[in-house]
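Number of protein chains: 2
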Amino acid sequence: MASLTTEQHPPDDRPPTIRDVARLAQVSLGTASKALNGSGKLRAETRLRVQTVASELGFRPNEWALSLHRRRTFTIGLISTDSFGRFSIPVLAGIEHALKEANISVFLCNAADDPELERRHLEALLAKRVDGIIITSRRTDPRPPIAADRTRVPVVYAYAQTSHQHSWQILPDDQSGGKLATEHLIQTGRQRIVHVTGPDSFLAVRQRAEGFRQAMRAARLPLPARSVLMGAWSENWGHVAVAKLLRVRARFDAVFCGSDQIARGCADALREAGISVPNQVAIVGYDNWEIIAAATRPPLTTVDMNLQELGGQAGKILIGLIDGQKPAETILVPPRLIVRASCGSFSRATGDTDKR
Amino acid sequence: MASLTTEQHPPDDRPPTIRDVARLAQVSLGTASKALNGSGKLRAETRLRVQTVASELGFRPNEWALSLHRRRTFTIGLISTDSFGRFSIPVLAGIEHALKEANISVFLCNAADDPELERRHLEALLAKRVDGIIITSRRTDPRPPIAADRTRVPVVYAYAQTSHQHSWQILPDDQSGGKLATEHLIQTGRQRIVHVTGPDSFLAVRQRAEGFRQAMRAARLPLPARSVLMGAWSENWGHVAVAKLLRVRARFDAVFCGSDQIARGCADALREAGISVPNQVAIVGYDNWEIIAAATRPPLTTVDMNLQELGGQAGKILIGLIDGQKPAETILVPPRLIVRASCGSFSRATGDTDKR
Numbered sequence: 002m003a004s005l006t007t008e009q010h011p012p013d014d015r016p017p018t019i020r021d022v023a024r025l026a027q028v029s030l031g032t033a034s035k036a037l038n039g040s041g042k043l044r045a046e047t048r049l050r051v052q053t054v055a056s057e058l059g060f061r062p063n064e065w066a067l068s069l070h071r072r073r074t075f076t077i078g079l080i081s082t083d084s085f086g087r088f089s090i091p092v093l094a095g096i097e098h099a100l101k102e103a104n105i106s107v108f109l110c111n112a113a114d115d116p117e118l119e120r121r122h123l124e125a126l127l128a129k130r131v132d133g134i135i136i137t138s139r140r141t142d143p144r145p146p147i148a149a150d151r152t153r154v155p156v157v158y159a160y161a162q163t164s165h166q167h168s169w170q171i172l173p174d175d176q177s178g179g180k181l182a183t184e185h186l187i188q189t190g191r192q193r194i195v196h197v198t199g200p201d202s203f204l205a206v207r208q209r210a211e212g213f214r215q216a217m218r219a220a221r222l223p224l225p226a227r228s229v230l231m232g233a234w235s236e237n238w239g240h241v242a243v244a245k246l247l248r249v250r251a252r253f254d255a256v257f258c259g260s261d262q263i264a265r266g267c268a269d270a271l272r273e274a275g276i277s278v279p280n281q282v283a284i285v286g287y288d289n290w291e292i293i294a295a296a297t298r299p300p301l302t303t304v305d306m307n308l309q310e311l312g313g314q315a316g317k318i319l320i321g322l323i324d325g326q327k328p329a330e331t332i333l334v335p336p337r338l339i340v341r342a343s344c345g346s347f348s349r350a351t352g353d354t355d356k357r
Numbered sequence: 002m003a004s005l006t007t008e009q010h011p012p013d014d015r016p017p018t019i020r021d022v023a024r025l026a027q028v029s030l031g032t033a034s035k036a037l038n039g040s041g042k043l044r045a046e047t048r049l050r051v052q053t054v055a056s057e058l059g060f061r062p063n064e065w066a067l068s069l070h071r072r073r074t075f076t077i078g079l080i081s082t083d084s085f086g087r088f089s090i091p092v093l094a095g096i097e098h099a100l101k102e103a104n105i106s107v108f109l110c111n112a113a114d115d116p117e118l119e120r121r122h123l124e125a126l127l128a129k130r131v132d133g134i135i136i137t138s139r140r141t142d143p144r145p146p147i148a149a150d151r152t153r154v155p156v157v158y159a160y161a162q163t164s165h166q167h168s169w170q171i172l173p174d175d176q177s178g179g180k181l182a183t184e185h186l187i188q189t190g191r192q193r194i195v196h197v198t199g200p201d202s203f204l205a206v207r208q209r210a211e212g213f214r215q216a217m218r219a220a221r222l223p224l225p226a227r228s229v230l231m232g233a234w235s236e237n238w239g240h241v242a243v244a245k246l247l248r249v250r251a252r253f254d255a256v257f258c259g260s261d262q263i264a265r266g267c268a269d270a271l272r273e274a275g276i277s278v279p280n281q282v283a284i285v286g287y288d289n290w291e292i293i294a295a296a297t298r299p300p301l302t303t304v305d306m307n308l309q310e311l312g313g314q315a316g317k318i319l320i321g322l323i324d325g326q327k328p329a330e331t332i333l334v335p336p337r338l339i340v341r342a343s344c345g346s347f348s349r350a351t352g353d354t355d356k357r
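As you go down the protein sequences, you meet chains A and B in turn. The numbering of the first sequence is the working numbering, which starts it at 2 and goes up by one. The numbering of the second sequence is the working numbering, which starts it at 2 and goes up by one.
It is possible that some hints are incorrect.
Remember, identical chains collapse to one label, so a pair may be satisfied in a single copy or spanning two.
Cut-off 20 Å, straight-line C-alpha distance, at most; resulting in silico cross-link-like pairs (SDA-like, lysine to any residue) [to be verified]:
#, residue 1, residue 2
1, Lys35, Arg140
2, Lys101, Asp324
3, Lys35, Glu117
4, Lys245, Ala226
5, Lys317, Thr331
To be clear, the hints were calculated from the coordinates, so they are not data collected in a lab.
Put together the whole structure using the sequences plus the hints.
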């Protein structure tokens, strides 16, 4: 077996090549290549010698050259416009979890709503010959497709969609989420429910409100004009909305909120007005953003969009496309309800959240 | 100029190669390569023809092959163990901002505290021939160095460090942060200050507490044994700590908190006990995590670790290393104080935060 001395090392300023490996293992270039690719017929001893030399040298095969044979680089690119990471980090975790067994690495690039940056990241990922691209966002409204007409790699949108006819997109089912929250309130005995949510310009806001109305109509419950209040994505809007409702002496026994932040503002405002949550008014939030939902007093019952599951599905669909399958173009991921204490379903809760 | 017909396109299932470009532009392979690399002597007309054909075909040069010439791929890898993205997303944004002009793309991989996953991501990034690697974390305590002894690319730790002798690490100056917060409280007239913070096992906790003690000693203020309370990184711990202080009838006019979450718990607990913030007790938080700090009532004065700046410095140091420079091995990034209303410095504040 070849034993390396300092003199035999390639100069320190360049990575070792397959030529260095072949020379030190005293085999031809073709033999070294076969030994490292695991292809061709070789004596086990020769293969082992080449591999040992390669390992000692720290040789890394040119993955692109390898991929010419097997047509795959086992990497995919994720381009995100969610600068806070609120939505993209769980989606990333879901993709990684789903692709763990396929031994695929995911590279995330942050495009921060900057089309020029997005184009540059796309070029960089394609130059690295990724097998596919996933686009994720901080909102689900249709966006322009990425300039990928010449990418020749599949593209999947996750927590994002385009208006483009043929594109693959995995989205949270926000209408079902609105229904789910409202039905839970109805099932636990509430009848006068208001919906306090984010700005009308968000598709998610309109879909959740539609789910809310469907559930109310299905239960033949009153739906006055003021039952949907749209405002900002903020705690403060929760305070303001409750103040508005109290000012007009609205009668309500539950608030379904479009985000956990809004729900937290509502919960605090109600408590400070001397109204007991959940005894007098129940609250359901949206997002299951644990750092907010679990710290609210009482801890929030809330809708979880299953973003990890969504990321996982996006990863699986991308793999299907890479393998030449034709999966369905749009998938809606159903949400689930996380029950804590804000609807009165639990009698006690600590409100502790020790995670950081 | 070559005009392309459908028949001339390479088959749809493979990317076009430089051979396709050369054939369609009716030049030799060497000429095509020179035209696309911008190297060698060519007639302007020939260069333009080759570039037009390449563009129409959607040809992408094999970036790795190009990098053999210029020795750079203009990509760096960022490996993060911060699954929530709280710390890694601002660090990523800072790196990207600093490297924008250098036209470098950053690929983030999520290793989620799993050494096996970290090793796999490292391999994938090295196989892509990234120019360098940045490691980031969710805490600043020393961690094992990545298995990069054979990477032959520079490695920088950002919001992370190793016990390894020669490594480059950019860290927040947490001791200065503790001093900064405490000095602000002293300057605004507070004298009996307690420090409510996270678990002793975090280096950041010990450093911030040391900064607190230094500032108190420098001002010759009392430092009884109970003046540092360590607990969980949670809002609930803020509530519990205030309850403890009130139970033993501690006299205090300010609380310096180790995180904005703890500070929020303290602020709520004090208000509910009928103690006015900031009139009776001032509060300073840590992190400037806007979604918490700005939504607290009153909005929190807090220490900002300047994580974007930290990421930017990491990027610049990595570029220096790639270019063969020898920058200093450890850099501490000074924090800054963000003044809101919780120390009484401002008379009014809205507490609104419309960001999502």
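Checked hints:
For a Cα distance limit of 20 Å, the shortest separation of Lys35 from Arg140 qualifies neither inside one copy, at 48 Å, nor across copies, at 44 Å. For the homomeric pair Lys101 and Asp324, the shortest alpha-carbon distance inside one copy (17 Å) is at most 20 Å, but the shortest distance between copies (35 Å) is not. Taking CA atoms no more than 20 Å apart as the test, Lys35 paired with Glu117 passes in neither setting, with 42 Å inside one copy and 27 Å between copies. For the homomeric pair Lys245 and Ala226, the shortest alpha-carbon distance inside one copy (14 Å) is at most 20 Å, but the shortest distance between copies (48 Å) is not.
In this assembly of identical chains, the alpha carbons of Lys317 and Thr331 lie at most 20 Å apart only when taken from the same copy (13 Å versus 42 Å across copies).
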